[in-house]
Amino acid sequence: MMHDRFDRFEMPTPERVQAKDSDLDYKNVELLRKCVGGQGQMYSRRRTAFTAQRQRMLKKAIKRARHLGLLSFVD
Amino acid sequence: MSRIYEIMFLIDNNAVRAGWKEAKASVTGLIEKHGGKVRAARRWDERKLAYPIKRRRRGTYVLVYGELSGQGVATLRRELDLTENVLRYLLLQVEAVPPKEVELTQAELASDFRVPEPPPEDVVDGAADESQAEADEGEELEEVAVSEGELAEEEV
Numbered sequence: 001m002m003h004d005r006f007d008r009f010e011m012p013t014p015e016r017v018q019a020k021d022s023d024l025d026y027k028n029v030e031l032l033r034k035c036v037g038g039q040g041q042m043y044s045r046r047r048t049a050f051t052a053q054r055q056r057m058l059k060k061a062i063k064r065a066r067h068l069g070l071l072s073f074v075d
Numbered sequence: 001m002s003r004i005y006e007i008m009f010l011i012d013n014n015a016v017r018a019g020w021k022e023a024k025a026s027v028t029g030l031i032e033k034h035g036g037k038v039r040a041a042r043r044w045d046e047r048k049l050a051y052p053i054k055r056r057r058r059g060t061y062v063l064v065y066g067e068l069s070g071q072g073v074a075t076l077r078r079e080l081d082l083t084e085n086v087l088r089y090l091l092l093q094v095e096a097v098p099p100k101e102v103e104l105t106q107a108e109l110a111s112d113f114r115v116p117e118p119p120p121e122d123v124v125d126g127a128a129d130e131s132q133a134e135a136d137e138g139e140e141l142e143e144v145a146v147s148e149g150e151l152a153e154e155e156v
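For the record, the sequence lines run as chains A and B.
Here the numbering used here is used: the first residue of the first sequence is 1, the next is one more, and so on.
Here the numbering used here is used: the first residue of the second sequence is 1, the next is one more, and so on.
What the hints contain is simulated information worked out from the structure, not anything from laboratory work.
Just so you know, these numbers come straight off a predicted model, no measurement behind them.
Note that beta-carbon positions come from the ideal geometry of N, C-alpha and C, so glycine has one too.
Don't take each hint at face value.
[To be verified] Just a sample of chain A residues kept apart from chain B, beta carbon distances all over 10 Å, derived:
| no. | residue |
| --- | --- |
| 1 | Lys-20 |
| 2 | Asp-21 |
| 3 | Lys-27 |
| 4 | Asn-28 |
| 5 | Leu-31 |
| 6 | Gly-38 |
| 7 | Gln-41 |
| 8 | Ser-44 |
| 9 | Arg-47 |
| 10 | Leu-71 |
| 11 | Ser-72 |
| 12 | Asp-75 |
[Stated by the list, open to error] Here are the simulated lysine-lysine pairs, DSS-like style, with alpha carbons at most 25 Å apart:
| no. | chain 1 | residue 1 | chain 2 | residue 2 |
| --- | --- | --- | --- | --- |
| 13 | B | Lys-21 | A | Lys-34 |
| 14 | B | Lys-48 | B | Lys-21 |
| 15 | A | Lys-59 | A | Lys-27 |
| 16 | B | Lys-37 | A | Lys-34 |
| 17 | B | Lys-48 | A | Lys-63 |
| 18 | B | Lys-37 | B | Lys-21 |
| 19 | A | Lys-60 | B | Lys-33 |
| 20 | B | Lys-100 | B | Lys-54 |
| 21 | B | Lys-37 | A | Lys-27 |
| 22 | B | Lys-54 | A | Lys-27 |
| 23 | A | Lys-27 | A | Lys-60 |
| 24 | B | Lys-54 | A | Lys-20 |
| 25 | A | Lys-20 | A | Lys-63 |
| 26 | A | Lys-63 | B | Lys-54 |
| 27 | B | Lys-54 | B | Lys-37 |
| 28 | B | Lys-100 | B | Lys-37 |
| 29 | B | Lys-21 | A | Lys-27 |
| 30 | A | Lys-34 | A | Lys-20 |
| 31 | A | Lys-60 | A | Lys-34 |
| 32 | B | Lys-21 | B | Lys-100 |
| 33 | A | Lys-63 | A | Lys-34 |
| 34 | B | Lys-48 | A | Lys-59 |
| 35 | A | Lys-59 | A | Lys-34 |
| 36 | A | Lys-63 | A | Lys-27 |
| 37 | A | Lys-59 | A | Lys-20 |
| 38 | A | Lys-60 | B | Lys-21 |
| 39 | A | Lys-60 | A | Lys-20 |
| 40 | B | Lys-48 | A | Lys-27 |
Please model the entire structure based on the sequences and the hints provided.
Written as structure tokens, this is what we have:
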């Protein structure tokens, strides 16, 4: 069995977000909302189960949405 | 050399109330002023902001695709920073204008297109909160007075 840093902990109810690469856009606010917590903090890769590349795209999209007032920085 | 850019503007609702065409023209006009060519421009949405910007709680988003030179982008940014009606903007380089955006722009140009009046929720922060708080207090006082009156009657 393969081990990586993600299975050192048991995952607490992973909320995997279903998304295509093209969906990770700042205009897709509905989707971005699923990737942030109640206070507006981004979920970790462990929580989103995204690849590193996708998580970076998500990061960009969230930060752009925040700049435009579509998402909150903190709530 | 010019490139294609996607620009999302967040516009003050007061400007939209004064006239949608004028509000849209004010941003597309700026792009043309700085040597750009507008390929698509449409109302994206009107919504409540996640946090107040310049004391506005709501705003209208305008999505524009256009061609600009590098020099034009620099001067456009400088002017946008000084434009009061533009609360925020986001300028991104893109490969091509999505065909859907051109369609939506055409749809908006049709004569039967109406821009919904922005809801009047975006009053200046302090004023709105105070008047709301006063109204609440007034109601509470009335309720107390009524219940006291009832009690008094029962005693008699």
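Quick rundown of the hints versus the structure:
Non-interface status of Lys-20/A relative to chain B is upheld: no Cβ of that chain comes within 10 Å, the nearest being about 15 Å off. Look at Asp-21/A: its CB is around 14 Å from the nearest CB on chain B, clear of 10 Å, so calling it non-interface holds up. A cut-off of 10 Å between C-beta atoms contradicts the statement that Lys-27/A is not in contact with chain B; the least separation is 7 Å. No Cβ of chain B approaches the Cβ of Asn-28/A within 10 Å, the least distance being about 12 Å, so the stated non-interface status holds.
Against the 10 Å criterion, Leu-31/A stays outside the reach of chain B, whose nearest CB is about 15 Å from its own CB. For Gly-38/A, the non-interface assignment is confirmed: its Cβ lies about 13 Å from the closest Cβ of chain B, beyond the 10 Å cut-off. Distance check on Gln-41/A: its Cβ is at least 14 Å (rounded) from any Cβ of chain B, clearing the 10 Å threshold; non-interface status holds. Even its closest Cβ contact with chain B, about 21 Å, leaves Ser-44/A beyond 10 Å, as expected for a residue assigned away from the interface.
Against chain B, the non-interface label of Arg-47/A holds: every CB pair exceeds 10 Å, the least being about 21 Å. With a closest Cβ-Cβ approach of about 5 Å to chain B, Leu-71/A is found to fall inside the 10 Å limit, against its non-interface label. Distance check for Ser-72/A against chain B: the nearest CB is about 4 Å away, which does not clear 10 Å, and the non-interface claim fails. Interface exclusion of Asp-75/A from chain B breaks down, the closest Cβ pair being 8 Å apart, not more than 10 Å.
This hinted pair does not check out: Lys-21/B and Lys-34/A have alpha carbons roughly 35 Å apart, beyond 25 Å. For the hint linking Lys-48/B to Lys-21/B, the alpha-carbon distance of about 21 Å falls within 25 Å, and the restraint holds. As the CA atoms of Lys-59/A and Lys-27/A are separated by approximately 13 Å, the hinted pair is consistent with the 25 Å bound. With a C-alpha separation of about 36 Å, the suggested pairing of Lys-37/B with Lys-34/A is violated against the 25 Å cut-off.
In summary, the hint linking Lys-48/B to Lys-63/A is supported, as the alpha carbons are separated by about 18 Å, within the 25 Å threshold. Note on Lys-37/B and Lys-21/B: the hinted pairing holds, with a Cα-Cα distance of about 18 Å set against a maximum of 25 Å. Restraint check for Lys-60/A and Lys-33/B: the C-alpha separation of about 30 Å exceeds 25 Å, so the hint is violated. Between Lys-100/B and Lys-54/B, the direct Cα distance comes to roughly 32 Å. Violation of the 25 Å bound is thereby established for this hinted pair.
Proximity of Lys-37/B to Lys-27/A is assessed by CA-CA distance (about 23 Å); at most 25 Å being required, the pair is judged to hold. Distance check on the hinted pair: Lys-54/B and Lys-27/A sit about 22 Å apart at the alpha-carbon level, within 25 Å; holds. Between Lys-27/A and Lys-60/A, the direct Cα distance comes to roughly 12 Å. Compliance with the 25 Å bound is thereby established for this hinted pair. Annotation: proposed proximity of Lys-54/B to Lys-20/A is violated, straight-line Cα distance about 35 Å (limit 25 Å).
The suggested pairing of Lys-20/A with Lys-63/A holds, with an alpha-carbon distance near 19 Å, which does not exceed 25 Å. Only pairs whose Cα atoms come within 25 Å are accepted, and Lys-63/A paired with Lys-54/B is accepted, the gap being roughly 19 Å. Proposed proximity of Lys-54/B and Lys-37/B is contradicted: the alpha carbons are some 30 Å apart, above 25 Å. A hinted pair counts as satisfied when its Cα atoms are at most 25 Å apart, and Lys-100/B with Lys-37/B qualifies at roughly 18 Å.
Taken as a hint, the Lys-21/B and Lys-27/A pair is honoured in the structure, with Cα atoms around 23 Å apart against an allowance of 25 Å. Between Lys-34/A and Lys-20/A the CA atoms are separated by roughly 14 Å; this keeps the pair inside 25 Å, and the hint holds. With a C-alpha separation of about 15 Å, the suggested pairing of Lys-60/A with Lys-34/A holds against the 25 Å cut-off. The straight-line distance between the Cα atoms of Lys-21/B and Lys-100/B is roughly 21 Å, inside the 25 Å bound, and the hint therefore holds.
Distance restraint check for Lys-63/A and Lys-34/A: the Cα-Cα separation of roughly 14 Å lies within the 25 Å cut-off, and the hinted pair is therefore satisfied. Between the alpha carbons of Lys-48/B and Lys-59/A the distance comes to roughly 22 Å, so the proposed pair stays at or under 25 Å and holds. A threshold of 25 Å between alpha carbons decides the hint, and for Lys-59/A with Lys-34/A the separation of about 13 Å falls inside it, so the pair holds. Annotation: proposed proximity of Lys-63/A to Lys-27/A holds, straight-line Cα distance about 11 Å (limit 25 Å).
Using a Cα cut-off of 25 Å, the hinted pair Lys-59/A and Lys-20/A holds, with the two alpha carbons roughly 15 Å apart. Distance restraint check for Lys-60/A and Lys-21/B: the Cα-Cα separation of roughly 32 Å exceeds the 25 Å cut-off, and the hinted pair is therefore not satisfied. About 15 Å separates the Cα atoms of Lys-60/A and Lys-20/A, which keeps this hinted pair within 25 Å; it holds. The hinted pair formed by Lys-48/B and Lys-27/A meets the criterion: a straight-line CA distance of about 15 Å does not exceed 25 Å.
In this structure, the earlier hints numbered 3, 10, 11, 12, 13, 16, 19, 20, 24, 27 and 38 are contradicted, and the remaining ones agree with it.
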